[in-house]
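First to last, the protein sequences are chains Z and G.
In this text, residue positions in the first sequence follow numbering that gives the first Met the number 0: the first is 0, and each later residue adds one.
In this text, residue positions in the second sequence follow numbering that gives the first Met the number 0: the first is 0, and each later residue adds one.
To be clear, the hints were calculated from the coordinates, so they are not data collected in a lab.
Check before you lean on any hint, since a few could be wrong.
Restraint-style ranges between C-beta atoms, simulated for each label pair [stated by the list, open to error]:
1) G:Gln-473 with Z:Pro-649: 46 to 56 Å
2) G:Gly-532 with Z:Ile-151: 18 to 28 Å
3) G:Pro-62 with Z:Lys-261: 49 to 59 Å
4) G:Pro-62 with Z:Tyr-326: 51 to 61 Å
Here the structure is a predicted model, which means the values were calculated and not measured.
Built from N, CA and C at the ideal position, the CB exists for glycine as well.
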Amino acid sequence: MASAVTLLSAGLEDTGQSDEDILSAEEDTDSSSDSSDDNEDALDKKENKKALKHKKLLSAIGALDGKTKKRARSEPSQEVSVYNLNTSAVTGKKVRIHELLGTLKSTTSHGELKKQLQKIQKRNKKVDTPLPQVQADRIQRGLAYEKTSKEISKWDHIVQTNRRAEHLSYPLYEEKAEPATTENFVKDFKPGNPLEEEIYAVLHGSKFVERKDQELSVAEEEALKAMSVEEARERRKELQKMRALQSYYEAKCRRQKKIKSKKYHRIQRKARERHEKKQLEELERTDPEAYEQYIKKTEKQRAEERITLKHKSTGKWAKSVSRFNKYNPESVKAVTDQLQRSRNLTAKIAETIESDSDEEGIVAEDEDVLAAVKPSLSDINNPWFAGYSHPGKKGDEANSHDGKMGQKLEEIRAQHQDEVSSEEEEDIIETLHPKPIRKVRFFDEHEGSDEEAVPGNESEVNNKLMHPIGKRKNRTGDGVADDAESSDSELDIQKFRTAVRSELKERGDSDDEKKVSEEVHVDPSKFFTIEAKTIKSENPDLAIVEDILEEEDDQRLQIQEAFADDDVVMDFSKEKKSKVEEDTPTSVDLSLPGWGEWGGAGVQHSKKKKKRFTIKTTPQAPRKDRTLPNVIINESRDKKIAMHQVNVLPFPFTSAEEFERSIRQPIGRTWNTESAFRRLTKPKVTTKLGTIIPPISAEEALENKKKAKVQQGRDITESGGMKFNENQTKKRKKSQKGNKKRQKSS
Amino acid sequence: MVDTTVGMEETKPKKKKAARYYEESEEQETPRKQNDHDEDESKRKKRKRTKRNDEIIRGTADPFEGPAPVAKEKVKKYSRGDKIDTRKESVPDLKHKQVLQHIEDTFEEAVERAARSELLLTEEAGFLEPDDGEETYKIAQKDIAASVDIASAQKYFELTLDQFGPYQLDYTRNGRHLLLGGKKGHLAAIDWVTKNLTFEINVMETIRDVQWLHLETMLAVAQKRWLYMYDNQGTELHCIKGMHEVLRMEFLPYHFLLATASARGYLQFLDTSIGQEVITIPTKLGRLNVMSQNPSNAIIHLGHANGTVTLWSPNVKEPLVKMLCHKSAVRSLAIDKSGLYMATSGQDRRLKIFDIRTYKPLQVYKISTGATELSFSQRGLLAAGCGNIVEVYKDACRTSTDKPYMMHKLKNNITSLQFCPYEDVLGVTYDRGFASLLIPGAGEANFDGLEHNPYQSKQSRKEWEVKALLEKIQPEMITLDTHKLSEVDAATMEQRLQERKAILGYIPAPKFEPRFKKKGRSSASKKEKRKKGVAEEKKREVLKKEIEKMEEADKVKKSKVREEILQGGRGALDRFNKKS
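Isolated chain G, as found in the complex:
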């Protein structure tokens, strides 16, 4: 009745167990037997074994021969899509099949190697671990700073800037430099790790937003009327009068595009590598003061007063997607690094997390006062500025949380916040200053030195710049679906085929490319001749077939008529009768 396992073995002798015991013992016995009786055989066996393990000179064989196995999940993480179907049915051509097989092999190897190389990411990221009954959000910044090493403790600091009013901030992509822009014209760039001031000026005009360009040598400032660009000495480089009353800016680093959103509802893209405006899109959606970019596909997200969020690319003059996210105005939005989640906060005091691939809401939170500013860290922490309180949420996207991971109270109202890349630091600006807060586990622990190097020298910076310019992606390649580029343009292909069919009357076979031949037999004219010959041949074949078909049909028709006539069903003169 009940599965019993205690003390039941004697009464219920299991057949299997006994058998196993028996077998085991016999096997243990056999080698001894062999030793006794026929030594020759054992010798032979030994010889075989030594042959197999030729490489082993002394000692025991390596029990874990070959490369270490890689976890399947890891491999899956790096694999990109399905394999080519190289079965005979789908690829009848043997030669082509081999080519495909080769491609698959190399891909597989590449993926495996990538999975294996994860071993090289030595730095580990960790979060605050609370004791029982302790809440992480109750841990004050001072306590953290007191308990960490000196280098990290120095990353917690506050700047009191009480003259030039609410500030905006921006970190460079390697997280080394900080740009602060006060509303009353104060502009300062700081190497915040060493606390060296790069430059500090007052532009004598309202500053609405600040943005680093591709490097710490250039920056864009949205001022009262126009957009200005400065270098790292504070020298004005450009005044771009084509961009009026810019409220928000985003820089798309791989495309060298500066996207600006203006108070008049214009979304503009400026190519900063060649200084040309790519496109100006009149959104007709009112004042655009909420803007963010999707780092994974360079799509610009705008938030609007009617609770919608629109997605824009510089290639289409209409929004790619329009989502109704809130029932009142959208206050702020942020998109995580992987491009999976979008966090929006509205005036309805809700904080919502959306899956941007499916456009479905995942989580809805209610925050007491609503969040005015949002920002995602590299490792997926979400910071929200609510009044004068900064809250940081962990695991807010995939799972729902009911309390913040960390919290910090500031003196004034928060105007802007951003996580510093590759650092466990959150930069917050408020009305009268700037605070750099320690958020354990926020930044990516392993940086790619060729991509963004926080410890970049001047020389490597220059090299990086050249490389980045060479690898610049054209703005046309910005699409919602990043795999679009590797897809075949089926519509055009179909259209072209149809056009050719209309002209030629048949669908031509794929183009023939003559093989190279030596001794002057591959001169242009010869090649052309060969091509023509093949083309003609194919054409002839096709036409022949067509003609044969037609003839056949004709024959059938004629024979039918003849039969009818022979059978007397229809006279020769019947053809003059009216058809019924």
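So that you can see chain Z by itself, here it is in the shape it has in the complex:
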């Protein structure tokens, strides 16, 4: 139908009317139909009509000119149509076939005509004109491309994995013969002759046979089970009871947890303490050994607590609290709690233990007295009063419990009760629990430290006192001055220590003092300097020593040794200074005085110009030896090594660091195990000698695709060793998981 219409319309258009005219005509008809509806619209349209007509007229006039010839082609016909078909050209209206035949629908007549028309319509299905060759080809190519690309895309994954593969060995997809192991043989074994069949049946059917992955056979397990029936019942009962108890206990806990009252908790605590005490008493009566053990344990705990700084206010956190959080009552409370804990742990054990002894009355009295003496501030939160000791009782304590440490502690306590006792104790604890010697900080050895190594020698100490002042005069070098200062402070400490020691000597027994001096490992003076440590050894035979001196033959040197120490240091610091100056670049002034301005004596050059023509230096990296007063490090660049260094980043690398790290591991045999060396130096592609390498085939490749996927793009045809490793690690992980499960279940 449609094609017929177009045909018709084409025929009609041939009348030569321009599109514009047709349009206008259509508009005309529209407007006429609508005019009844809207007056205003009608008016507008009338005007439009007028304008159009005017336009037409103008164009007609224009056409008269001959400039714009209006071509009108008309059908050559001898007859003028009765129906005035051609007038449609004037009105510009297309005639459609359904318009012509529309009326026929309602009638039953003209059947013949209808049929004919239908036939015409069918027959007139005209084949399109073929597209030009170029276009047709293009479309075809496009379609072909789409299809083939779709087909090829199934190779994408294979290509990608092959490209990414660490290693490819050709021929790809080669069947590997598995080694004939017993396990493989057993796995695939099928009984052939009747004997084999019989044996197989026995091995596989019986419950006495060992099973995979299980220690016991079925029969054994059953036997075990049979044995434990009675026990099982008992066990079940027990469990029921436990469950009930558990639930009661939980309920109780829940209830108690809700209670927030202080009083309640206090009562609770008191009750608990009482109970503990009772228990201890009982323990002492019934099992003195266990009691002793308990005491020892607490003692050890106490000693350990005293050694460490665990619950002290010296930690990072505690310090930060005391600095930044001191007005926050919660955090302050946390700190005090911690201190309290430490107090508790370090409190004299005897207090708790002794309270059960006969002298309870006395203790109570003492406590009363103490309460009177104690300032009112003393409550449980004040760490300073928490571990308040009872001086009257110390003598008794010593006898109460034995053990090496306890005795020692008591002895010392008895000897110096007030002043230095704590220090002493710590020392002894250290000796009893030898700690690893603390790291010595590496400072430069300062002058004359050897003299300090022998404390107590007064004349030397005096010398020392005189010394630093003289030295400070000499030394102007920056690093050395610091040293002198440090030596001063160090000296003070030393003096203090010697004084304390001498005092101790007077008071205490000489034996104890000896022990202390011998066994103390951590010497605070070491934290500041390195002392020259005298090595105990034999002296070489004197005659020979003299020999050496003669050979070295310089008294001069000896004298130098005696006097000129400082000169050496001075010279060195001077040298360093000059070297540093030499190395620091100075800005170059290129301004020419008198150029572009007045010259001569007394004329000031403009600062602006000077600034403009000075070449400034770029700021240098700080010297490596800036913190080392006794070292000069050459900062100049080693040009010769630069020849061998990489100075252009190889292509895929984007940063120097990345590249450096990628070559950090030596790959030679010397530094690697043989297998690692082989992997590190493995070429990307290897070919098997003497085999034909066929082009990749879809069958094999696509079959193997799944396998490749499993290996996730890593070497798809890797030799056994590599695979072994990966599998091993996987297995290990698996087994670890399995172990965990087993542990849970057991």
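Add chain G to chain Z, keeping to what the hints say.
Frame of chain Z, contents of chain G only:
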């Protein structure tokens, strides 16, 4: 108040404990239940398990499946530096990221394998273990020799050589041969294990120092005026007149360099593989009679009369580092095998241990007479010769000691000492002889046969020589920091970039390397064309961008001016006004 654990369980029933007990018991019960009720499920489970452990045919599964775990510390010992950062932010390119990942994987595996292979070092080293109250340094050499096996006992011996005066000694690197040079011209090479004399001559001149070269077939002798080289028959091979009055020598085995220090203050390097002098450095630091090498980075250390120690490489004519170690002359110095510690002794009778990486002193010891000779053993023992006494210190570097590990008294003054590699032996020469002392725990117990083989045959020696020559390291590669070579030369890179930028006006992208194409499409001209095409394209892009930028800027400027004019702020003729 006090944590109590004895007998408190009943009164303080801990919630946790009870719960655990309860849980445990239930779990024990469950399998039984399962067995009773649904056997199907258990069967299914079993099937699963058997599937997982396919390989196990009978018996129980291996409880320690897979390779044994390696200790982290061991792995750390063998790992070299940080890993590459392969996160997406730092490596946006996926392909490159995969390459890097692969590199990391292989490295990791290599390190792990190295750590694992420590298992193969079967020999164990041990020291003397004293009883309570016993001191190891009081144990005499005779006692040790009496209590060890015959083979070891024979390593303790003394040679009396009282004619040709104080001796110098040197062991070969495999510890098999010993070279002795007497001051009065006596030169002898000995296979000291078998006690076979290789050769013995008198050079009829003062000998100042002796040094084996890369093998026991060649040796260098510093004589009165010049440096001489001999072979293992005592035949003079070379007389090197370019090296005067050499006092001390060191041979850098991996570089085939012989470093000599002369009385006139010259430090010279001679390449013994090609016989060329590499460099002569006038140190201007006086007589150089104290010299040692750092075995880990082949840097030469010199000790001077003003108490300084200087570090030298053949590539720089100035000292790399100058340290003030003593307040009087340095007498001797030694550097341990790992290149971490340097021991120096001075005339101030101090023995100091320095960390050569930080140049800071670690330990300072005072020795009664001061040490004239120092030597480190392979396992870090430090021997010091003090007069006629040899003292050996253990753990003298990391920790401080106050007594020697071993001590031995000789008849005369010690002139030189050296630990024998791969043996628990210390060789000491004195005025009138040589003593070989047993120092338990001194030598490395496990030797690498491909590196230094004490049991080398003639054939393997020849092969080793060829290999060593092929693997010779050029003298330019001697640096203080051994990792320097694997670093990118940042200074040159930057400079090159700047130069290119100055010429081209922009920083060019990394060079494009055309991919190989078949069928003659990768001929040189085609490649060149492709390269050019890509280069031009990139250039065009960059230039385009630049131009766009410029245009934009221009536009903005113009529009600004126009706006100003439109707003009446500035007339068209205002441009002739003077700028304020």
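| request: With 49 to 59 Å as the target window, see if Pro-62 (chain G) and Lys-261 (chain Z) comply at their CB atoms. | output: Distance hint for Pro-62 (chain G), Lys-261 (chain Z) holds at roughly 54 Å.
| query | When you take the CB atoms of Gln-473 (chain G) and Pro-649 (chain Z), is the distance between them in 46 to 56 Å? | reply | Given a distance of about 22 Å, which is not inside 46 to 56 Å, the answer is violated.
| Cβ-Cβ distance between Gly-532 (chain G) and Ile-151 (chain Z): within 18 to 28 Å? | Taking Cβ atoms as reference, Gly-532 (chain G) and Ile-151 (chain Z) lie about 27 Å apart, which means the hint holds.
| field | Distance restraint evaluation - Pro-62 (chain G), Tyr-326 (chain Z), Cβ atoms, bounds 51 to 61 Å | value | The hint (51 to 61 Å, Cβ to Cβ) holds, given that Pro-62 (chain G) and Tyr-326 (chain Z) are roughly 58 Å apart.
Violated hint: 1 only; the structure is consistent with all others.
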